[in-house]
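2 protein chains.
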Amino acid sequence: MSKLLLDYGSGGKASHRLIKDIFVKHLSNPYLDKLDDAAFLDNIKAPLAMSTDSYTVDPIIFPGGDIGSLAVHGTVNDVAMLGAKPRFLSCGFILEEGLEIELLERIVSSMAQAAKHAEVFIVTGDTKVVPKGAVDKIFINTTGIGEVLVNPAPAGNRAKVGDIIIVSGTIGDHGLTILSKQKGISFDTEIKSDSAALNLIIEKLLKEIPEIHVLRDPTRGGLATTLNEIAKQSNVECFIEEDFIPIREEVKGGCSFLGLDPLYLANEGKFIVILPEKYQDKVLDILREDPLTQEARVIGLVKDEHPGKVVLKTGLGGQRLLDMLEGEQLPRIC
Amino acid sequence: MSKLLLDYGSGGKASHRLIKDIFVKHLSNPYLDKLDDAAFLDNIKAPLAMSTDSYTVDPIIFPGGDIGSLAVHGTVNDVAMLGAKPRFLSCGFILEEGLEIELLERIVSSMAQAAKHAEVFIVTGDTKVVPKGAVDKIFINTTGIGEVLVNPAPAGNRAKVGDIIIVSGTIGDHGLTILSKQKGISFDTEIKSDSAALNLIIEKLLKEIPEIHVLRDPTRGGLATTLNEIAKQSNVECFIEEDFIPIREEVKGGCSFLGLDPLYLANEGKFIVILPEKYQDKVLDILREDPLTQEARVIGLVKDEHPGKVVLKTGLGGQRLLDMLEGEQLPRIC
Numbered sequence: 091m092s093k094l095l096l097d098y099g100s101g102g103k104a105s106h107r108l109i110k111d112i113f114v115k116h117l118s119n120p121y122l123d124k125l126d127d128a129a130f131l132d133n134i135k136a137p138l139a140m141s142t143d144s145y146t147v148d149p150i151i152f153p154g155g156d157i158g159s160l161a162v163h164g165t166v167n168d169v170a171m172l173g174a175k176p177r178f179l180s181c182g183f184i185l186e187e188g189l190e191i192e193l194l195e196r197i198v199s200s201m202a203q204a205a206k207h208a209e210v211f212i213v214t215g216d217t218k219v220v221p222k223g224a225v226d227k228i229f230i231n232t233t234g235i236g237e238v239l240v241n242p243a244p245a246g247n248r249a250k251v252g253d254i255i256i257v258s259g260t261i262g263d264h265g266l267t268i269l270s271k272q273k274g275i276s277f278d279t280e281i282k283s284d285s286a287a288l289n290l291i292i293e294k295l296l297k298e299i300p301e302i303h304v305l306r307d308p309t310r311g312g313l314a315t316t317l318n319e320i321a322k323q324s325n326v327e328c329f330i331e332e333d334f335i336p337i338r339e340e341v342k343g344g345c346s347f348l349g350l351d352p353l354y355l356a357n358e359g360k361f362i363v364i365l366p367e368k369y370q371d372k373v374l375d376i377l378r379e380d381p382l383t384q385e386a387r388v389i390g391l392v393k394d395e396h397p398g399k400v401v402l403k404t405g406l407g408g409q410r411l412l413d414m415l416e417g418e419q420l421p422r423i424c
Numbered sequence: 091m092s093k094l095l096l097d098y099g100s101g102g103k104a105s106h107r108l109i110k111d112i113f114v115k116h117l118s119n120p121y122l123d124k125l126d127d128a129a130f131l132d133n134i135k136a137p138l139a140m141s142t143d144s145y146t147v148d149p150i151i152f153p154g155g156d157i158g159s160l161a162v163h164g165t166v167n168d169v170a171m172l173g174a175k176p177r178f179l180s181c182g183f184i185l186e187e188g189l190e191i192e193l194l195e196r197i198v199s200s201m202a203q204a205a206k207h208a209e210v211f212i213v214t215g216d217t218k219v220v221p222k223g224a225v226d227k228i229f230i231n232t233t234g235i236g237e238v239l240v241n242p243a244p245a246g247n248r249a250k251v252g253d254i255i256i257v258s259g260t261i262g263d264h265g266l267t268i269l270s271k272q273k274g275i276s277f278d279t280e281i282k283s284d285s286a287a288l289n290l291i292i293e294k295l296l297k298e299i300p301e302i303h304v305l306r307d308p309t310r311g312g313l314a315t316t317l318n319e320i321a322k323q324s325n326v327e328c329f330i331e332e333d334f335i336p337i338r339e340e341v342k343g344g345c346s347f348l349g350l351d352p353l354y355l356a357n358e359g360k361f362i363v364i365l366p367e368k369y370q371d372k373v374l375d376i377l378r379e380d381p382l383t384q385e386a387r388v389i390g391l392v393k394d395e396h397p398g399k400v401v402l403k404t405g406l407g408g409q410r411l412l413d414m415l416e417g418e419q420l421p422r423i424c
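Residue numbers (the numbering used here), protein chains in the order written: chain A, 91 to 424; chain B, 91 to 424.
Everything labelled a hint here was simulated from the structure, so no lab data went into it.
Note that the structure is a prediction, hence the values are computed from the model and not measured.
Keep in mind that a hint or two might mislead.
As the list makes no split between identical chains, a pair holds if one copy fits it or if it spans any two.
As a list, the in silico DSS-like pairs of lysine-lysine whose alpha-carbon atoms are at most 27 Å apart [unchecked claim]:
id	residue 1	residue 2
1	K115	K399
2	K227	K271
3	K322	K115
4	K399	K250
5	K124	K297
6	K322	K103
7	K124	K322
8	K250	K103
9	K399	K342
10	K368	K115
11	K342	K206
12	K399	K103
13	K206	K399
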């Protein structure tokens with residue numbers, strides 16, 4: 091099997107072959123194919139949303155996805171969370187000398203499929219090959235830009251007292267999948283990552299309900315950390331009920347076995363919506379029509395009692411403060 | 091000295107402290123400070139140029155710059171080469187567990203200075219911390235967007251027979267600096283990287299001469315490789331004269347000592363301009379007024395004899411084909 095040499099990152103002939111044989115082959119589109127230093131993007135209108143993420147997930151292929159699809163989904167979702175329609179992505183590869191070219195091609199092909207499905211173009215890229223040992227196999231950065239669809243845009247500081255808090259589906263799936271793979275543990279029922287592009291359902295939602303206050307995807311740090319960020323940014327209390335939070339039985343079981351709290355596990359295909367209560371039926375109707383969000387649930391509401399805090403009503407009826415993640419549950423989860 | 095722990099990349103409390111104490115402290119601006127998943131950019135107009143680059147340079151601090159300033163200059167320059175005014179950058183850090191926080195702060199502060207000098211804002215970012223050994227110290231991705239200033243935009247496929255080829259200053263400085271540091275060699279006269287933001291001089295140039303056909307910065311692969319790309323994209327011959335190419339004496343000496351060809355060495359603060367001959371005096375007048383480009387020279391012209399090729403007239407009067415870089419002279423040069 092053919093392996094990646096340092097030459098492939100030189101900017102010279104080998105680089106050009108790699109670009110042609112792998113990147114352009116799979117990602118081809120009128121913007122990328124020009125191969126200038128920068129992509130020329132004509133039909134896009136401000137206000138824009140711009141977001142970046144570097145992906146270092148280990149393992150690079152996991153149940154439900156791989157580093158390539160994750161790199162597209164993650165950035166597409168971050169752009170969408172500003173109430174925007176993602177349009178264009180850049181991608182930067184850092185590759186380890188000796189990487190199997192077949193594996194690289196599999197990852198790039200997976201990015202291409204994810205981009206097609208999310209209706210975005212990968213328009214410009216960069217490839218560095220570093221000596222063996224200077225990076226672990228493959229890291230990918232993607233940066234996305236999109237058109238903001240509503241004014242004002244949803245933002246972390248717009249949660250209002252009385253708003254309801256909705257989560258679009260089950261939580262903890264991605265985090266537990268990666269962790270169990272890292273630890274070499276398998277469960278009876280295979281769990282898999284929820285990695286998915288959320289932009290199309292977000293676009294539908296904003297079209298019907300432009301008055302959404304907050305959209306946020308609970309990735310690193312999980313639901314608990316993301317709600318803490320929102321509570322702080324908006325200076326409100328996020329009050330949620332444990333029994334309302336959708337979690338798969340197998341994720342509950344796995345977390346219990348490994349001593350993990352699913353509220354702190356990363357998700358890669360879920361989002362939080364905070365909006366006025368009057369839209370409750372409408373938003374749930376829209377979400378439940380889409381397979382990606384059919385398990386959406388109201389999990390709580392925005393209060394003014396403990397500004398900057400997240401309060402959890404437990405299954406037993408007690409209440410406790412739910413803090414941000416302190417310390418690292420899990421490195422290289424995305 | 092305090093060191094980076096995996097916690098700092100968790101998305102939790104430690105991440106938030108790192109973002110506040112280092113990134114926001116140095117890079118603060120109204121776009122970044124909102125700390126949403128994506129930055130909201132209102133005053134920017136299409137057509138846009140978008141470019142991305144990952145920086146893995148080794149050593150991370152070198153004469154004339156560091157990985158932080160290089161990451162700003164490199165992407166700002168790539169956006170500018172499409173005839174655009176760079177406006178906004180994202181930055182993604184991949185950091186090795188155990189990295190000295192003081193060193194990280196030095197790099198971030200250097201990025202802040204470079205961004206200020208280039209009149210761009212770093213508007214959104216991402217930080218991953220990976221376990222010791224999974225990355226060599228620090229890699230940075232920057233992605234930039236800017237407004238294209240002229241129509242049609244300069245592009246690699248627009249070189250026309252009869253155009254002149256100009257290089258904005260001496261070549262080989264960056265590549266030789268990095269290589270000599272990697273090999274632990276020092277020269278009598280210290281050479282240093284030419285790393286610099288070229289966007290302000292490019293903007294000035296385009297204002298006076300909108301009819302520039304090609305702008306390109308000869309980074310990886312050097313002048314020879316970049317001219318080969320242009321020759322292929324435009325299906326023309328690039329004919330250049332060795333004696334006209336500005337190269338510092340100390341770079342010539344270092345290259346001769348190390349058996350390197352300066353025409354293939356990376357530059358990080360130089361550009362190639364290709365435009366109609368009638369603008370020769372005007373373009374040189376503008377370039378020579380700016381300290382960054384005062385050694386600009388016409389080095390050749392665009393011909394139709396050998397389409398897709400670069401022909402070098404040597405100092406001895408002979409002519410030879412100058413091919414693209416084949417193989418790797420130098421890994422981790424940017």
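Going through the hints against the structure:
no.: 1; hint: K115 <-> K399; in the structure: between (49 Å within a copy, 24 Å between copies)
no.: 2; hint: K227 <-> K271; in the structure: both (17 Å within a copy, 26 Å between copies)
no.: 3; hint: K322 <-> K115; in the structure: between (46 Å within a copy, 19 Å between copies)
no.: 4; hint: K399 <-> K250; in the structure: within (14 Å within a copy, 64 Å between copies)
no.: 5; hint: K124 <-> K297; in the structure: between (34 Å within a copy, 25 Å between copies)
no.: 6; hint: K322 <-> K103; in the structure: between (52 Å within a copy, 12 Å between copies)
no.: 7; hint: K124 <-> K322; in the structure: between (45 Å within a copy, 12 Å between copies)
no.: 8; hint: K250 <-> K103; in the structure: between (57 Å within a copy, 24 Å between copies)
no.: 9; hint: K399 <-> K342; in the structure: within (25 Å within a copy, 63 Å between copies)
no.: 10; hint: K368 <-> K115; in the structure: neither (49 Å within a copy, 40 Å between copies)
no.: 11; hint: K342 <-> K206; in the structure: neither (33 Å within a copy, 49 Å between copies)
no.: 12; hint: K399 <-> K103; in the structure: between (56 Å within a copy, 14 Å between copies)
no.: 13; hint: K206 <-> K399; in the structure: neither (39 Å within a copy, 36 Å between copies)
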